[in-house]
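So the sequence lines, in the order shown, correspond to chains A and B.
Position one of the first sequence corresponds to residue 1 (my numbering), numbered consecutively onward.
Position one of the second sequence corresponds to residue 1 (my numbering), numbered consecutively onward.
In case anyone wonders, no lab produced these hints; they're calculated from the structure.
Incorrect hints may have been included.
Said to hold, decoys possible - Covered by chain A, per the in silico footprint, the following chain B stretches (three or more residues, Cβ under 8 Å):
no.: 1; region: 77 to 83
no.: 2; region: 109 to 122
no.: 3; region: 132 to 139
Stated by the list, open to error - Now the in silico label distances, taken between C-beta atoms and shown as ranges:
no.: 4; chain 1: A; residue 1: ALA222; chain 2: B; residue 2: TYR55; range: 12 to 22 Å
no.: 5; chain 1: B; residue 1: TYR55; chain 2: A; residue 2: GLU185; range: 56 to 66 Å
no.: 6; chain 1: A; residue 1: HIS216; chain 2: B; residue 2: MET36; range: 26 to 36 Å
no.: 7; chain 1: A; residue 1: GLU319; chain 2: B; residue 2: TYR44; range: 42 to 52 Å
no.: 8; chain 1: B; residue 1: LYS151; chain 2: A; residue 2: ASP177; range: 38 to 48 Å
no.: 9; chain 1: A; residue 1: ASP251; chain 2: B; residue 2: SER87; range: 26 to 36 Å
no.: 10; chain 1: B; residue 1: ASP119; chain 2: A; residue 2: ALA222; range: 17 to 27 Å
no.: 11; chain 1: B; residue 1: GLU83; chain 2: A; residue 2: LYS252; range: 22 to 32 Å
no.: 12; chain 1: A; residue 1: GLU232; chain 2: B; residue 2: LEU19; range: 16 to 26 Å
no.: 13; chain 1: B; residue 1: ARG139; chain 2: A; residue 2: ALA222; range: 24 to 34 Å
no.: 14; chain 1: A; residue 1: HIS216; chain 2: B; residue 2: GLU83; range: 18 to 28 Å
no.: 15; chain 1: B; residue 1: LYS151; chain 2: A; residue 2: GLN293; range: 35 to 45 Å
Don't be surprised by glycine CBs; every beta carbon is placed ideally from N, CA and C.
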Amino acid sequence: MSKSVDETVFDFFALLLQEDDDSNCIVSPQSTINVESNRNVTISQTAAVLLDTAILAENGRSVALHDLEKPVVPKKQLQSKALPIKNEFTTPVSDMSSQVNKQALEKLLAPVLKTKQNDSAPPELEVVSPIIEDIVQFTAKTVSNVQPTIIEADDKQDIKLEPETQVGITPPSVTKDLQEVLDDEFQVLFFKVAGLTLAVPLVSLGGIVKVERINHIFGRPAWFLGVQAHREEQLNIVDTCAWVMPEKYTDKLAQSVDYQYLVLLEGSNWGLTCESLVNAVKINKSQVNWRSQAGKRPWLAGVVKEQMCGILHVQALVEMLNAGLGCQDSMG
Amino acid sequence: MKDTRNVAAVAASKDDAVLQWVTFKLDHETYGINVMQVQEVLRYTEIAPVPGAPYYVVGIINLRGNVVTVIDTRSRFGLQPAEVDDSTRIVIIEAEKQVIGILVDSVAEVVYLRRSEIDNAPNVGTEESAKFIQGVSNRDNELLILVDLDKLLSDEEWVELTQL
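Chain A with its partners taken away, still in its complex shape (with noise of 0.2 Å):
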């Protein structure tokens, strides 16, 4: 990824904070001295850092329950499986006073809180595009059929410090309509536009099309790409990284992306493009800060904590789209 889609991404997230209710905003000092120290620390995991933060502030908690609810990994274990760790999601192992701090605060909280013991690293993502490069196209039901690429998140979890509280419960949302959709577990895609990622779940997915002829159609706006004929049907194309993060969208960050597929959202003709497919991974409905206010992004559901990413709400983004709005646009 070139440094100015690096910080392109990163700016983008840095704005989505600034949105009316951010006054209630925390940003924790932590993760902007981690930005700065740790040049290991990926992009995408930094803005989705961020993003979290600030979905975490409009959930009305305090960033530092948040770093509570991370998995504290004993210092043995990290050096053990440091190497072979190749998800960029996983946080990488920071200078050792931040891990002195993290012991010193497991010791302290110790009286007050549970460990969760688990049997391994948390969910390995990794791009699954080259493999997958013959696929033309699958449904939702074909993407749940792949049983064999769906890592079990629970099976592959480290040691978790977690707040009782936390455990099972989820805060009253206006995704509260998705929430009761979802299973207590379910599978989501990971995809890739312009080094963020974001995460769809399968059953509100329609399918995956390869991108092939894109028919440009006048008079529309610049996020919508044109028309793809699909089964005897037309698909409406979102060029997602226009739709997604419009005032960073330049002339050479368009020429940059190269999209590769389509997800179409389920019940619509809506497909958006995406450069890579990651992953699909089966992870629990605790395992997302669910958003409790739609403020001005009803399209996001919240975010992935273990992958540090968003997760679409198909649901309100069909409607947005149906409506001719941008990401930025008042569904009002």
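Since chain A is already given, all that's left is putting chain B on it; use the hints.
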């Protein structure tokens, strides 16, 4: 019984009338206009510019003694300008009781489309030019964008053309 079937078939065919469309190319996309509104297709000839004309007017041509205003279709549709070449054509059309020419990249063919084969264009257009499109049709995996020539210009703009 047979008469009833014939009546039903005729009614169905009336509902699903076959329309002819002249297709032309602009910026690698195919557009269609109602054949009934097309008078003739001309090779590109020199177009005399008109000072003070609207941005979408290329100029005027002399068509057998009649002055015909030529519209820059690319400009009107908000597309990037392109150089004139051997395939460039001026399509003479009649719309809103006026005869005008539209400059296109090339003229392709006449196609037959059933009304049922025409779909609505994606309704996400906010720009004024979005209203020019009356529908789309998928033919041989190629999208045909059907243009409503009567809406190519607003009432005021049609009047303005007569006063050039």
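Here's how the hints hold up against the structure:
Counting residues of the region 77 to 83 of chain B whose CB falls under 8 Å from any CB of chain A gives 3; the rule of at least 3 is met. A count of 3 residues in the region 109 to 122 of chain B with a Cβ less than 8 Å from any Cβ of chain A is obtained; the coverage claim is therefore met, three being the minimum. For the region 132 to 139 of chain B, the proposed coverage by chain A is satisfied: 4 residues have a C-beta within less than 8 Å of a C-beta in that chain, meeting the threshold of three. Between ALA222(A) and TYR55(B) the C-beta distance comes to about 20 Å, which sits within the given range of 12 to 22 Å.
A hinted range of 56 to 66 Å holds for the C-beta pair TYR55(B) and GLU185(A), which are about 59 Å apart. At about 27 Å, the CB distance of HIS216(A) to MET36(B) agrees with the hint of 26 to 36 Å. Between GLU319(A) and TYR44(B) the beta carbon distance is about 47 Å. The supplied range of 42 to 52 Å therefore holds. For the pair LYS151(B) and ASP177(A), the beta carbons lie near 40 Å from each other, so the given range of 38 to 48 Å is met.
Checking the proposed 26 to 36 Å range against ASP251(A) and SER87(B) shows it holds: the Cβ atoms sit about 29 Å from each other. One distance hint, 17 to 27 Å for the beta-carbon pair ASP119(B) and ALA222(A), holds here, with the actual separation near 23 Å. At about 26 Å, the CB distance of GLU83(B) to LYS252(A) agrees with the hint of 22 to 32 Å. Separation of GLU232(A) from LEU19(B) is about 20 Å and conforms to the stated range, judged on CB atoms against 16 to 26 Å.
At roughly 27 Å, the beta carbons of ARG139(B) and ALA222(A) sit within the given window of 24 to 34 Å. Between HIS216(A) and GLU83(B) the beta carbons are some 20 Å apart, a value that agrees with the proposed interval 18 to 28 Å. Between LYS151(B) and GLN293(A), the C-beta spacing of about 42 Å keeps the proposed range 35 to 45 Å intact.
When held up to the earlier numbered hints, the structure conflicts with none and fits them all.
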